[in-house]
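Asker: Sequence:
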Amino acid sequence: MKIASIFSLALYLLLLLGTIRGGATSLAKFVAINDVPAISYAMWQALIAALLLLAAGFLKTRRFPSFRQAGIHYLFCGTVGASVPNVLFFIAIEKINAGAMAVILTLGPIFTYALLLGLSRETIKPRRLIGLAFGFFGGSIIALSGNESTTSFNSFYLIALLCPILYASMSVYVSCRISSPEHPLLMAGATQLVSFAVLLPVGLATQQVHLLWVPPDLTDGLIVLHGIIGATAYALLFKIIDLAGPVFYSFSSYIIAITGVIWGMLLFGEQLTLAFIVATLAIFCGLYLVNTTQQSVKSASH
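For the sequence shown, counting from 1, position 249 maps to 249 in the working numbering; every step adds exactly one.
Every clue listed holds true.
The following label-pair restraints were derived from C-beta to C-beta distances:
1) Lys95 / Phe238: 32 to 38 angstroms
2) Ser66 / Gly221: 31 to 37 angstroms
3) Ile72 / Phe268: 36 to 42 angstroms
4) Ser5 / Pro126: 36 to 42 angstroms
For the record, the hints were derived by calculation from the structure and aren't laboratory data. Since the model is a prediction, treat every value here as computed from it, not as a measurement. A virtual CB, placed ideally from N, CA and C, is assigned to each residue, including glycine.
Generate coordinates for the entire structure from the input sequences, incorporating the hints supplied.
Answerer: Rendered as structure tokens:
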């Protein structure tokens, strides 16, 4: 395949990934405001994604993940990196703007670098520290004012900020504690399966289990769709990196944020404020400085 064709395919997939993941925040908001419990929503979304990812992983490797060898790792990832942040996500998205949530989720790489720096797993580099400052500045503005015209404080934005912190914690754990990881599809599927196993008893104990298709309605269909989007996003991630590399894939964060804001405006009539625009641009600058510096260091080491 010619280089131009490869790039065109990678760009198309990147735009597709950004559009569906950006739209997932608006999808989640629609489900949340229709009185689906956050625990139940996260539980079903995890199960659907797990089944699809494990099936794809099996077709790729002809085996399933080993819970005997890596059970403790999957327990951590499934709880800290999936169950808790996903429930917090669905709690927060009911009360905050979908566009703001999409931008908040792009803070993952910035929090990952901050955690690695705190654990002395990363060296201090001025350019990345500046990126860190930009990211924290943008995140602070959103936490204080969100994307709303009112100046009143909304604590649900702080809950939303916990999501990328916990996702980053899982990334740091995987990079620091798992020396021989399985195929990414198997790891992702096992993580989602553990998330379902953790949330099911919690949902039953708190009587927050929403039964799918009883009776069937649009909300149930969107829950299933969200699980499919989650699994599809993983598959697109691997394909884009294979075609164009991790630097190219890192631009998906910008597309996810922009399309997430657009979906929120189209579906919920959300409006942009000057503070939110400044915060988003600051986060974009932070992502660029953190991601590009990391990649340039890796390239120089080869």
